[in-house]
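Asker: Here the protein sequences come in this chain order: A and B.
Just so we're aligned: 207 in UniProt numbering is position 207 of the first sequence, and the numbers increase by one with no gaps anywhere.
Just so we're aligned: 199 in UniProt numbering is position 199 of the second sequence, and the numbers increase by one with no gaps anywhere.
For the record, the hints were derived by calculation from the structure and aren't laboratory data.
Worth double-checking, as some hints may not be accurate.
Cut-off 27 angstroms, straight-line C-alpha distance, at most; resulting in silico cross-link-like pairs (DSSO-like, lysine-lysine) [to be verified]:
no.	chain 1	residue 1	chain 2	residue 2
1	A	Lys-49	B	Lys-326
2	A	Lys-52	B	Lys-255
3	A	Lys-137	B	Lys-36
4	B	Lys-323	A	Lys-49
5	A	Lys-112	A	Lys-17
6	B	Lys-323	A	Lys-52
7	B	Lys-18	B	Lys-36
8	A	Lys-18	B	Lys-36
9	B	Lys-112	B	Lys-140
10	B	Lys-323	B	Lys-112
11	A	Lys-52	B	Lys-326
12	A	Lys-52	B	Lys-112
13	A	Lys-106	A	Lys-278
14	A	Lys-112	A	Lys-267
15	A	Lys-323	A	Lys-112
16	B	Lys-323	A	Lys-140
17	B	Lys-140	A	Lys-140
18	A	Lys-137	B	Lys-140
19	A	Lys-17	A	Lys-79
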Amino acid sequence: MSLLNDLINLNLSETTKKIIAEYIWIGGSGMDLRSKARTLPGPVTDPSKLPKWNYDGSSTDQAPGEDSEVILYPQAIFKDPFRKGNNILVMCDAYTPAGEPIPTNKRFNAAKIFSHPDVVAEEPWYGIEQEYTLLQKDTKWPVGWPVGGFPGPQGPYYCGVGADKSFGRDIVDSHYKACLYAGVNISGINGEVMPGQWEFQVGPSVGISAGDQIWIARYILERITEIAGVVLSFDPKPIPGDWNGAGAHTNYSTKSMRNDGGIDVIKKAIEKLGLRHKEHIAAYGEGNERRLTGRHETADINTFSWGVANRGASIRVGRDTEKAGKGYFEDRRPASNMDPYVVTSMIAETTIIWKPWEATNWNM
Amino acid sequence: MSLLNDLINLDLSDTTEKIIAEYIWIGGSGMDLRSKARTLPGPVTDPSKLPKWNYDGSSTNQAPGEDSEVILYPQAIFNDPFRRGNNILVMCDAYTPAGDPLPTNKRFNAAKIFSHPDVVAEEPWYGIEQEYTLLQKDTKWPLGWPVGGFPGPQGPYYCGVGADKSFGRDIVDSHYKACLYAGVNISGINGEVMPGQWEFQVGPSVGISAGDQIWIARYILERITEIAGVVLSFDPKPIPGDWNGAGAHTNYSTKSMRSDGGIDVIKKAIEKLGLRHKEHISAYGEGNERRLTGRHETADINTFSWGVANRGASIRVGRDTEKAGKGYFEDRRPASNMDPYVVTSMIAETTIIWKP
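Bound-form chain A, shown alone (with noise of 0.2 angstroms):
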């Protein structure tokens, strides 16, 4: 498909100063990411300057077919790395004609949150685990894995090199140039403990970023699972039993955490969260309650602990954070279905804004 090839990445710079943008956006699950394609004039860099567009959304469960245009609005621009030159992924989230943002874009409050001043003062990053597991397309059924049976069990695995170890790794370092390649701040990457799982970290990035570049690594990430004809699978426990489920992990800083005497501001958020425990879980993922078992390295879903070093609680800190007496935390609840942009917004909402000894207070 040589010839294909060649007209894929033909180098249109030569010819023409029209780029072509890839706008991008969340569909009506939630989780299923659509996009389409628009010539532009010349490149842009600025997503204030990309013009608004709209899409069928009767077609995606988030408009009836009399009322049907749903509006998108650019928010970020990445480089695009399918396409190259000056041809662009836009980022961007969906209103109503009226101006209103529909109810799947979750975007919109994390927006809020983020620019509400404590939470601006406090400059929140993010650093975020995206676990996801790889299926053959017929059958649905893991990456390397025997159709009808099961690989040896856990142990080889995690970080392992071998054709009877490792399964889609040219799918993830190609994911993982392409995301450099595109803007998105992926900053590692390692196979994990169940066999056709791996891992993608990206950040630190502060506030809403976190959020837009989780979701433009997600789109690179089942861009080019298509070209590699596997299956992309964001289930919290893509199979039962001895088996690891998939999460998100998401560390967690501000800048009052980063600073001496960060450790006390720590555990301060650490109890917020801990009394918000429910609250959050309801937000962290669909299906979590069959990966949160207490097994597996994980944390009973019904139960909120913390640790340093523990991969078994809900909430761990690291050594070097405790050794420091500053640095961050990792929430090691949301399942890798999450929202990214409610997880990180919530975080920050929880154990900046939220005052719960305020209200106790005012009782008295």
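Since chain A is already given, all that's left is putting chain B on it; use the hints.
Answerer: Quick look at chain B alone, frame taken from chain A:
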């Protein structure tokens, strides 16, 4: 096949001034594209400077064997994305040796309509949304569908991403760049509601060039599917049942519609189209009755209707046009296998020239 590709990709400009011109025309069915190539002494950018040519019309159902020459008149030049360099694609239309357009030559009549002074004054713009389906070569079953079975129901595929939701993107993306390279005014692409179905849009184009550009875009697409080993279908309802059909929605505006107060001109134009619904429908593509059922985002073929943001109507006016009081409207009736020369000129004729 790398050695063959090396030869295909040879850059001849280093060795010769000569160029290759691929002459393209429409065959006897009105939908079959044909082409052949010739060498010319040097680069050409003006179609009127290209020589007329001829072909064997008895092999395309367009002439009898004893008098088979059909004459090709070059009408528009595009860069050749396959041969690149200074090589060109040439969109032509077909005439008898006596100089009369053949019956299948729809461009001739369209060009007459587009040179009518009233039409010229209104500067008609067209944006055409060409849908099409990709089929597996030997089974003629849609690309990505299990042979002998069906994929999961429609829902995940519109603008979808992923190996289980999107089939044939390499064809679509190479077509996008190839058209931009060629000089076709392609404005976008998207995956469609039915899996294996796609859409590209061309426009805004003025007058007769809308038809030329769609035909060249179709030609480039068929050349690319040929490379990919996949069959291209413009059938308006390739799979019966609960699967979307394929259309060629035609967006349209005139100078008056684009100016202040244009919304009233638009409403009058839609009224006139309503009075000629049957005539338009009979020219909007074969087999359209299998597609225009009133379901799957279409209006029933026997009913003429229009509405704002209404995808179930014959004609849709966008919210932004309603808001601004001027703009354009979308005729959703044409099938994917329509002839753009016929549809674009007929819309102009009914809305600008025809006075009921």
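Asker: Now, for every hint given, state plainly whether the structure supports it.
Answerer: We went through each hint and held it up to the structure:
1. A:Lys-49 - B:Lys-326: Roughly 23 angstroms between the alpha carbons, so the hint for Lys-49 of chain A and Lys-326 of chain B holds.
2. A:Lys-52 - B:Lys-255: Status holds; Cα separation ~24 angstroms.
3. A:Lys-137 - B:Lys-36: violated, 41 angstroms
4. B:Lys-323 - A:Lys-49: Holds, at roughly 21 angstroms.
5. A:Lys-112 - A:Lys-17: Given that 27 angstroms is the threshold and the Cα spacing comes to 36 angstroms, the pair is violated.
6. B:Lys-323 - A:Lys-52: holds, 15 angstroms
7. B:Lys-18 - B:Lys-36: holds, 17 angstroms
8. A:Lys-18 - B:Lys-36: violated, 30 angstroms
9. B:Lys-112 - B:Lys-140: Measuring from Cα to Cα gives roughly 39 angstroms; hence the hint is violated.
10. B:Lys-323 - B:Lys-112: Roughly 35 angstroms separates the two Cα atoms, so the pair is violated.
11. A:Lys-52 - B:Lys-326: Status holds; Cα separation ~18 angstroms.
12. A:Lys-52 - B:Lys-112: Given that 27 angstroms is the threshold and the Cα spacing comes to 38 angstroms, the pair is violated.
13. A:Lys-106 - A:Lys-278: With a Cα-Cα distance of about 19 angstroms, the restraint between Lys-106 of chain A and Lys-278 of chain A holds, given a limit of 27 angstroms.
14. A:Lys-112 - A:Lys-267: holds, 26 angstroms
15. A:Lys-323 - A:Lys-112: Not OK: Lys-323 of chain A and Lys-112 of chain A at ~35 angstroms, beyond 27 angstroms, violated.
16. B:Lys-323 - A:Lys-140: Between Lys-323 of chain B and Lys-140 of chain A the Cα gap is close to 47 angstroms, so the pair fails against 27 angstroms, i.e. violated.
17. B:Lys-140 - A:Lys-140: This hinted pair holds, its Cα atoms lying about 25 angstroms apart.
18. A:Lys-137 - B:Lys-140: Judged against 27 angstroms, a Cα distance of about 21 angstroms means the pair holds.
19. A:Lys-17 - A:Lys-79: Holds, at roughly 16 angstroms.
Going through the hint list in order, the structure does not satisfy hints 3, 5, 8, 9, 10, 12, 15 and 16.
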